[in-house]
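Here this note's numbering is used: the sequence shown runs in plain steps of one and ends on residue 165.
Some clues are possibly wrong.
Once the Cα atoms are required to be at most 20 Å apart in a straight line, the calculated EDC-like pairs of lysine to aspartate or glutamate come out as [claimed, not checked]:
id, residue 1, residue 2
1, Lys107, Glu36
2, Lys132, Glu149
3, Lys132, Glu110
4, Lys132, Asp12
5, Lys107, Asp127
6, Lys89, Asp59
7, Lys5, Asp127
8, Lys89, Glu38
9, Lys89, Asp44
10, Lys89, Glu111
11, Lys7, Asp103
12, Lys89, Asp12
13, Lys107, Glu11
14, Lys19, Asp127
15, Lys132, Glu111
16, Lys7, Asp44
17, Lys89, Glu62
18, Lys5, Glu23
19, Lys5, Asp103
20, Lys19, Asp44
21, Lys19, Glu36
22, Lys7, Asp127
23, Lys7, Glu38
24, Lys19, Asp139
25, Lys19, Glu149
26, Lys89, Glu158
27, Lys132, Glu11
28, Lys89, Glu60
29, Lys5, Asp59
30, Lys132, Asp103
Just the calculated beta-carbon pair ranges, DEER-fashion [unchecked claim]:
id, residue 1, residue 2, range
31, Gly13, Glu145, 32 to 38 Å
32, Asp16, Ala84, 19 to 25 Å
33, Gly131, Ser50, 28 to 34 Å
34, Asp139, Ala63, 23 to 29 Å
35, Ser141, Gly20, 28 to 34 Å
36, Glu85, Arg161, 31 to 37 Å
37, Ala84, Val157, 29 to 35 Å
38, Asp142, Thr42, 34 to 40 Å
39, Leu135, Gln8, 21 to 27 Å
40, Ile109, Trp25, 28 to 34 Å
Just so you know, these hints were derived from the structure itself, not from any lab.
Built from N, CA and C at the ideal position, the CB exists for glycine as well.
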Amino acid sequence: MRWSKLKQLIEDGFADSVKGRVEIWTTRYRHSHDQEGECWITIDGVRLHSMGSMRFFIDEWEAQGSPNFMVGEKTRKRTEDVEAELHAKGSMGLWSVNSALFDFLSKPIEEVLSSRVALVRALGMLDRRVGKRRLAVLDTSDAPEFVRELHRFRCAVERIRLPPL
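Please build the complete structure, drawing on both the sequences and the hints.
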C-alpha cells in the first residue's frame, strides 16, 4: 500500500475534534548511503515526536550496553527483547512503523489502547472509537511522554477535565 493511502486511512480514523490538527508523516532519505528515514507526528504543524532508523540504531546500541559478539539464539532473543522495549518507549526503525500502523488499523480499540507499541497507543488516543468517557478514565501514567501529550491534547479539545499532574 502506498504511504499516501495508509496516511489517509490512519487520519480518517481520527476523531473529528483532532482531524486536520494532528498529522503523521514519513520520509525516506533516498540519497543517503543507507536510504533510511524517519516518521513523525505533528500537532498544528509542530513536531511532537520523531522516530527513525538512525535514532533507533543508537537507542538499540545504548540499550544493549557492551557489544555482544555471540552468535545464536541468545543474541537473537536479547535483540528482540531490546527491540520490544524500545518500541514500548516510542523508538522505532522506519521498517517497523508501517507494521505498527497496519496493526493499529486492524486491531480492536481495546487492544490498541493496551498495546505495548507506543506508536499504536498514541494513535489510539486520537481514534474516533475512543469516546469522552473512556478518555476521562484512561490511565496513561505508564506511557511515554508523547502518548501522554496526545491524551492531554485530545482531552483538551474535547473539553474533558483531567486531574492535575
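Hint by hint, here is what the structure shows:
no.: 1; hint: Lys107 - Glu36; verdict: violated, 28 Å
no.: 2; hint: Lys132 - Glu149; verdict: holds, 16 Å
no.: 3; hint: Lys132 - Glu110; verdict: holds, 15 Å
no.: 4; hint: Lys132 - Asp12; verdict: holds, 18 Å
no.: 5; hint: Lys107 - Asp127; verdict: holds, 12 Å
no.: 6; hint: Lys89 - Asp59; verdict: holds, 10 Å
no.: 7; hint: Lys5 - Asp127; verdict: holds, 17 Å
no.: 8; hint: Lys89 - Glu38; verdict: holds, 16 Å
no.: 9; hint: Lys89 - Asp44; verdict: violated, 23 Å
no.: 10; hint: Lys89 - Glu111; verdict: holds, 17 Å
no.: 11; hint: Lys7 - Asp103; verdict: holds, 14 Å
no.: 12; hint: Lys89 - Asp12; verdict: violated, 25 Å
no.: 13; hint: Lys107 - Glu11; verdict: holds, 16 Å
no.: 14; hint: Lys19 - Asp127; verdict: holds, 10 Å
no.: 15; hint: Lys132 - Glu111; verdict: holds, 18 Å
no.: 16; hint: Lys7 - Asp44; verdict: holds, 16 Å
no.: 17; hint: Lys89 - Glu62; verdict: holds, 14 Å
no.: 18; hint: Lys5 - Glu23; verdict: holds, 13 Å
no.: 19; hint: Lys5 - Asp103; verdict: holds, 15 Å
no.: 20; hint: Lys19 - Asp44; verdict: holds, 10 Å
no.: 21; hint: Lys19 - Glu36; verdict: violated, 29 Å
no.: 22; hint: Lys7 - Asp127; verdict: holds, 14 Å
no.: 23; hint: Lys7 - Glu38; verdict: holds, 14 Å
no.: 24; hint: Lys19 - Asp139; verdict: violated, 23 Å
no.: 25; hint: Lys19 - Glu149; verdict: holds, 16 Å
no.: 26; hint: Lys89 - Glu158; verdict: violated, 26 Å
no.: 27; hint: Lys132 - Glu11; verdict: holds, 19 Å
no.: 28; hint: Lys89 - Glu60; verdict: holds, 12 Å
no.: 29; hint: Lys5 - Asp59; verdict: violated, 30 Å
no.: 30; hint: Lys132 - Asp103; verdict: violated, 23 Å
no.: 31; hint: Gly13 - Glu145: 32 to 38 Å; verdict: violated, 23 Å
no.: 32; hint: Asp16 - Ala84: 19 to 25 Å; verdict: violated, 34 Å
no.: 33; hint: Gly131 - Ser50: 28 to 34 Å; verdict: holds, 29 Å
no.: 34; hint: Asp139 - Ala63: 23 to 29 Å; verdict: holds, 26 Å
no.: 35; hint: Ser141 - Gly20: 28 to 34 Å; verdict: holds, 29 Å
no.: 36; hint: Glu85 - Arg161: 31 to 37 Å; verdict: holds, 33 Å
no.: 37; hint: Ala84 - Val157: 29 to 35 Å; verdict: holds, 32 Å
no.: 38; hint: Asp142 - Thr42: 34 to 40 Å; verdict: violated, 25 Å
no.: 39; hint: Leu135 - Gln8: 21 to 27 Å; verdict: holds, 24 Å
no.: 40; hint: Ile109 - Trp25: 28 to 34 Å; verdict: violated, 24 Å
Comparing the model with each earlier hint shows violations of hints 1, 9, 12, 21, 24, 26, 29, 30, 31, 32, 38, 40; every other hint is respected.
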